Structure formats: C-alpha cells, structure tokens
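Given the sequences, and given the hints that come with them, work out the whole structure.
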Amino acid sequence: MSWTLGANLENLTLTGNAAVNGTGNALGNVLIGNAGNNVLNGGAGRDTLIGGAGNDTYLVDNLGDTVTELAGEGRDLVRTSVSHTLSANVEDGQLLGIGAINLVGNASDNSLVGNSAANVLNGLDGADILDGGAGADTLIGGTGNDTYIVDNLKDIVSETSTLDSEIDTVRSSVSWTLGANLENLTLTGVAAINGAGNALDNVLIGNAAANVLNGLGGADTMIGAAGNDTYVVDNIGDTVTEAGASLTEIDSVLSSISYALGTNLEILTLSGTGNIDGTGNALNNRITGNAGANVLDGGLGIDTLIGGAGNDTYVVDNLKDVVSETSTLASEIDTVRS
13 MSWTLGANLE NLTLTGNAAV NGTGNALGNV LIGNAGNNVL NGGAGRDTLI
63 GGAGNDTYLV DNLGDTVTEL AGEGRDLVRT SVSHTLSANV EDGQLLGIGA
113 INLVGNASDN SLVGNSAANV LNGLDGADIL DGGAGADTLI GGTGNDTYIV
163 DNLKDIVSET STLDSEIDTV RSSVSWTLGA NLENLTLTGV AAINGAGNAL
213 DNVLIGNAAA NVLNGLGGAD TMIGAAGNDT YVVDNIGDTV TEAGASLTEI
263 DSVLSSISYA LGTNLEILTL SGTGNIDGTG NALNNRITGN AGANVLDGGL
313 GIDTLIGGAG NDTYVVDNLK DVVSETSTLA SEIDTVRS
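Numbering of the sequence shown is given in our numbering, commencing with residue 13 and proceeding in unit increments.
Please keep in mind that the hints were generated in silico from the structure rather than gathered at the bench. Just to be clear, a hint being listed does not mean it is correct.
What follows is a set of in silico ranges between Cβ atoms, one per label pair, in the way DEER data are often shown [stated by the list, open to error]:
id	residue 1	residue 2	range
1	V334	N247	29 to 35 Å
2	A303	S128	46 to 52 Å
3	S268	A100	49 to 55 Å
4	G274	S99	48 to 54 Å
5	S99	S173	19 to 25 Å
6	S128	E85	29 to 35 Å
7	G18	S170	45 to 51 Å
8	E85	S268	54 to 60 Å
9	I269	D346	29 to 35 Å
10	S170	N287	53 to 59 Å
11	D329	G274	16 to 22 Å
12	N23	K166	41 to 47 Å
13	T189	G28	51 to 57 Å
On a predicted model such as this, the values are computed, not experimentally measured, just so you know. Beta carbons are placed, not taken as given, at the ideal position from N, Cα and C, and that holds for glycine.
Written out as structure tokens, the structure reads:
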C-alpha cells in the first residue's frame, strides 16, 4: 500500500504489483518502486528514487536527487522544481513552480514541458516534443524528428541536427519564421497569425484564421484552412492547397513566377518585374499583373484582369469579364484575346 516514511526512517521499498505511492521525509531517503505505476516523492533531502515496471512518476526537489529507471519498464515522468537532466530510460520531464529552471533530456524520445518562467529545454537525441510553456523559452533539439511548441514571440528554437532524413516541426500559436534545419510549421489557435519558412522544402499549415504563408526558398507546400489566407509563391515547385471552401472567404496568391490558381483560390497578384503569366480557375477571379509583360487569363467565371506596365495580353471568355489596363505609356501595346 502507499506509505510515507516517518521520522528517523531512511528507506522505503514498495512491494507487489499494485499502483501505490511512496513518500520520504527530510532525510536522504532511498525509495524503491514495485511492478505497478508508482509516484515516488523523496521530500526534502538528497534522495535516491528507483522505479520498477510500470509508468512511474518521480518528484524531484533537490539538485542531489537521483532517479534510476531500467530499460523497458514503462513510460516514466520526472516532475521537478529544480533544474534537472533526465537519467537513462526516463522519457518525460515537467518543470514545476515559477523559477527560471532548465530541463535536459536523454537519448529516448522525450516530452519536455516547461513552467511559466523562461526555461531552457534541451531534448538531446531522440524524437522529442519540447513545450516551454509561458515565458521566453529556449528549445534545443538534436537528432530525431523533433516537435517544438511555441507560444511566445521571444521563444528561441534551435535545431542542431543537419541530417536530411529528419523532419522537424514547429507548432506555433504566434507568428513564426522557421530557423535553420527546421522543415515544417503548423499554426495553431484561432488568431490571425502568419508563418514563414526557410531555404528548405517546407510544409506550412495555417490555422482557422486569416494567415499569410510564405515558404521562402525551396519547393514548399502551403496548406490553408478557414480564413482569408494569402500564399506567397516563388518557386515552380511550390504547391498551394486551400481547404476552406466557404463562399465568404477570399484567398490570395502573391507570385513572382507564372502561376495558375488552384481550387478555392480567388485572387492572384503577380509580383516583381519579370515577364510572367497568371491564370485563374472556375471561380470569379481577380488577377493583377506586375511591371512586366503578362498574359492574364481568368479561366471560367466572371473575372477581373488588371494590367500594369508592359505589353500585356488579356484572355476573355465571358461577357462579364472586366479588363483594366492601368498604364498610359504610349510605347506599350496591350492586347485582348476574346
């Protein structure tokens, strides 16, 4: 059964297979778990906590506390109010209290959770989940497919592994730009926030609000949901998927290369000065050219085609299509094909 050591008692061993707990006292205790799920709390003092089979929880409150867990004996958790490094075969760690304390993982697939202060969480090797909680946290991952939970604009994410085979992900409830060696970004919550990639081939996923998704370099995959989303395209390998099909949503692509709108996308704006083309879809599109010579084709639907500088060509297939040429330069030759 569960037991708390009284005065002048040093050691406690739990027996049997039941899910019982052990608590120490102010001395330096040795607490040994049984084959069940145990909570071992040494209390004050430099304690030694030894788990057995089962999913054990260790409460640590002294820098001198030690935790011993054998391999293959459940998924185990350390809850600590002091800075701590997970010992071998302990999978999860959680920081308690309000102090600016730190937590280091091990070679296992760790889940590390911070407290409300500014914490440093270092997962080391393994596929880790690092969640700093409130506060301006520093999250450090190593080898393995790591996931970083971000909720503060001052959070820092550092992925130290450069292995091409790894896929590391940031899940953010604030606007975020991926740092080096990070592949994927998922926006969470319901706020209108934005996401940007890096030079890698990124996957950017929006939330239910209005997002701007910009993959930057690389052949990026951008996926939007509800909300008036904007996608920035700069690579022929970029793909845009707009899942929100509501008629009240207006979703846009800003492209520096020739581009054709996919399903559920309404607006296309060409950027830069290159001679590139823009093509619509079956919706009522608005397509705006750039400073180069563009071919603007709205496709099906009642489309608005807007040109600027350059010798533009407008493809018209609906009596209600609108063509607007904003440049008045006499040297330009603009053409409508109907």
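Hint check results:
| no. | hint | result |
| --- | --- | --- |
| 1 | V334 / N247: 29 to 35 Å | holds (31 Å) |
| 2 | A303 / S128: 46 to 52 Å | holds (50 Å) |
| 3 | S268 / A100: 49 to 55 Å | holds (51 Å) |
| 4 | G274 / S99: 48 to 54 Å | holds (51 Å) |
| 5 | S99 / S173: 19 to 25 Å | holds (22 Å) |
| 6 | S128 / E85: 29 to 35 Å | holds (32 Å) |
| 7 | G18 / S170: 45 to 51 Å | holds (47 Å) |
| 8 | E85 / S268: 54 to 60 Å | holds (55 Å) |
| 9 | I269 / D346: 29 to 35 Å | violated (22 Å) |
| 10 | S170 / N287: 53 to 59 Å | violated (42 Å) |
| 11 | D329 / G274: 16 to 22 Å | holds (19 Å) |
| 12 | N23 / K166: 41 to 47 Å | holds (45 Å) |
| 13 | T189 / G28: 51 to 57 Å | holds (53 Å) |
When the structure is compared with the earlier hints, violations turn up for hints 9 and 10 and for no others.
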